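What follows is each chain in one-letter form.
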Amino acid sequence: MDKFRMIFQFLQSNQESFMNGICGIMALASAQMYSAFDFNCPCLPHYNLAYGLGILLVPPLILFLLGFVLNNNVSMLAEEWRRPQGQRGKDPAVLRYMFCSMAQRAMIAPVVWVSVTLLDGKCIICAFCTSVPVQTLGNASHPSLSQREMERVLARIPCREIYDGQELITNEVATRYLRCISQALGWCFVLLMTTLAFLVRSLRPCFTQAAFLKSRYWSHYIDIERKLFDETCTEHARSFAKVCIQQFFEGMSTDLAATHCHQPREAPTDAEEAARKLLGITDQGTMNMALKSWHRCKPPLHLHPPALPGSNGWAGAGQAPTHPPVPRREIAAYYSRV
Amino acid sequence: MDRFRMIFQYFQSNSESVMNGICGLLALASVKMYNSFDFSCPCLPQYNMAYGLGIMFVPPIVLFLCGLILNRQSLVMLEEWRRPQGCRKKDLAVIRYMFSSIMQRAMVAPIIWIIVTLLDGKCLICAFSDSVDPGKFAGFANTSLVQVHQLLAKVPCKDDELMRNNTARKAVSRYLRCWSQALGWSILLILIIAAFLARWLRPCFNQATLMQARHWSNYIDIEQKIFEETCCEHSRLFAHKCILHFFESMQQEIKLHSSSLPKERERAEEEDLLQGITDQEKVNKLLRTWYYEKPPLDVSKVTQR
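Protein chains in written order, with this note's numbering: chain R, 1 to 338; chain W, 1 to 305.
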């Protein structure tokens with residue numbers, strides 16, 4: 001558990017490492033998904049191709065889109081792309097950099113799925129078993145069948161238990177042939193992807209290094225600025241809420257003082273602090289009333305409303321005061337002295 | 001747990017150690033990949049050689065490229081090589097040192113794959129089973145040429161119906177595996193002797209130049225890292241100032257509009273933090289302004305105040 005936490009902390013400390021971590025997890029999830037998937041070739045002439053190619057190509061598309069969905073920076077990119085220009089110019093190079101780095105990371109899980117699928121071979125065997133070259137691999141002396149009949153027989157190659165064409169072409173020969181083609185395709189695909197990745201990574205410093213440094217700095221900046229703004233807004237909301245609630249309770253306590261004309265008792269000094277904190281609400285009935293009115297009639301989102309007599313902000317609309325509002329504490333003090 | 005943490009910190013502290021760690025991981029991944037790969041020889045005359053040699057040589061190329069991609073120092077070296085001279089001279093010895101260290105590390109995983117392949121033997125049996133001399137083996141001596149090639153091509157497939165009861169198949173298989181393992185061990189021995197000699201004899205040649213090259217290559221690496229960290233710190237401070245400036249300008253706008261508020265009003269500490277933004281309208285206005293008119297990327301007005 002501790003080991004996991006340390007690895008987690010290391011990955012989180014650096015934003016890029018964190019994204020690489022997510023990438024790695026998705027790649028592992030992709031390989032695990034393939035192992036757990038119960039591949040079931042239909043062994044019917046036209047269904048085989050659809051099923052095989054579907055399993056080969058549809059999950060990578062889903063994983064690619066999932067890679068974008070799980071990436072926090074997608075909304076940042078969309079925001080930066082769609083915002084009005086305002087006082088700050090937009091740099092398309094930054095947008096391109098952000099998009100490229102997200103797309104590269106999202107590509108890894110699909111590439112892993114396609115490679116694992118091809119290297120395993122089941123999909124290609126299922127999809128292309130009807131196209132096996134029977135003339136070269138099969139038994140030449142076997143009486144020829146019609147095209148449809150041949151397709152029907154060959155389509156059963158992936159399903160050993162029901163295969164009935166051993167005299168035409170043995171199951172093992174056909175499977176070995178197709179698996180060899182599939183693995184060759186798989187390794188070529190892996191080689192191609194790795195070469196592409198290598199070229200993209202190594203040609204960049206040769207051509208556009210200065211532009212790259214600029215784009216990278218400003219894309220980090222946009223990310224940090226957004227996070228800091230969210231933090232500042234949260235802090236502001238917290239202070240806002242605190243003052244709002246304080247005013248609500250003060251309003252309640254003012255109301256109570258106005259309704260019940262409480263005589264201020266001579267509270268002993270050491271309990272003064274606690275009494276002040278209770279804001280005048282000292283019994284169950286009063287507390288229930290406070291909670292009910294909080295639910296039914298929340299105060300307006302306006303921290304300095306006009307102070308009408310008896311007003312406690314409950315029913316006030318949030319209009320800016322036309323005359324300076326009298327501070328509340330004075331009202332409370334006035335009433336409590338009656 | 002403590003030991004793991006120490007090891008982890010040690011690896012992180014030194015970038016050479018990190019690269020050695022990656023190199024080791026790739027080597028282990030190479031062995032694991034070979035074990036989990038389902039080798040299935042096609043057992044057909046022309047396909048065998050292509051498949052066998054393909055499996056022996058294509059994955060090492062992939063592992064080599066992966067070793068180059070995952071190594072951070074290769075980017076550093078390329079940047080150093082391609083940068084404009086500017087005020088700092090370029091030292092080719094440093095670039096050569098970096099290149100050779102990158103190459104050495106990237107070669108480890110491919111070599112391990114090739115050696116494991118040779119010591120296991122399946123690839124060579126598959127690739128060369130139809131190139132052996134049939135006269136050496138009793139079971140194949142009396143068949144026609146075309147048939148013998150077909151038969152030999154099926155040697156790697158033990159379960160094939162023609163090969164199931166063929167005793168000569170095992171002879172061919174053993175013969176090829178023997179060659180394969182001999183080749184594997186020889187390559188391993190040659191490489192280890194070469195590495196041993198290189199490490200022992202290196203101090204005899206140009207030790208001072210080597211130490212300088214190593215020092216400056218470490219320096220370039222560290223300088224890059226610190227530059228990136230400083231940029232991150234800087235953009236954080238920049239963003240902080242920019243946002244503060246934005247909130248203050250909103251506050252000033254509000255003060256201008258509601259200048260009739262008494263100045264000596266007693267304000268709680270919490271309200272200070274609110275910076276004058278005290279109702280829903282103002283908050284909405286602030287958020288709207290943030291979206292529609294982000295402040296310019298210029299905090300010089302703030303710092304000059």
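Keep in mind that the hints were calculated from the coordinates and are not lab data.
Bear in mind that the values here come from a model prediction, so they are computed numbers and not experimental data.
Cβ atoms here follow ideal geometry from the backbone N, Cα and C, with glycine treated the same way.
A couple of the hints might just be wrong.
Said to hold, decoys possible - Residues of chain R clear of chain W, computed beta-carbon distances all greater than 10 Å:
{"hint": "1", "residue": "ILE62"}
{"hint": "2", "residue": "GLY86"}
{"hint": "3", "residue": "GLU161"}
{"hint": "4", "residue": "VAL173"}
{"hint": "5", "residue": "THR232"}
To be verified - Not the full set, but computed from the structure, chain W residues with beta-carbon under 10 Å of chain R:
{"hint": "6", "residue": "LEU28"}
{"hint": "7", "residue": "VAL31"}
{"hint": "8", "residue": "SER74"}
{"hint": "9", "residue": "TRP81"}
{"hint": "10", "residue": "PRO295"}
Okay, the hints, checked on the actual structure:
Even its closest Cβ contact with chain W, about 24 Å, leaves ILE62(R) beyond 10 Å, as expected for a residue assigned away from the interface. Not every C-beta of chain W lies more than 10 Å from that of GLY86(R), the closest at about 3 Å, which undercuts listing it as non-interface. Residue placement check: GLU161(R) keeps its beta carbon more than 10 Å from all beta carbons of chain W (closest about 17 Å). For VAL173(R), the condition that its CB be more than 10 Å from all CB atoms of chain W is violated, with the nearest at approximately 8 Å.
In this structure THR232(R) is not separated from chain W by more than 10 Å, as the shortest Cβ-Cβ distance comes to only about 6 Å. The criterion of a C-beta within 10 Å of any C-beta in chain R is not met by LEU28(W), whose closest approach is roughly 15 Å, and the hint is violated. The beta carbon of VAL31(W) comes no nearer than 16 Å to any beta carbon in chain R, farther than 10 Å, and the hint placing it at the interface is violated. At about 7 Å, the closest approach between the beta carbon of SER74(W) and any beta carbon in chain R falls short of 10 Å, and the interface hint on this residue holds.
Using the Cβ-Cβ criterion of 10 Å, the hint placing TRP81(W) at the interface with chain R is satisfied: the shortest such distance is roughly 8 Å. Satisfaction of the interface hint for PRO295(W) is found here, the shortest Cβ-Cβ separation to chain R being roughly 6 Å, below the 10 Å cut-off.
Checked against the numbered hints given earlier, this structure breaks hints 2, 4, 5, 6, 7; the rest are met.
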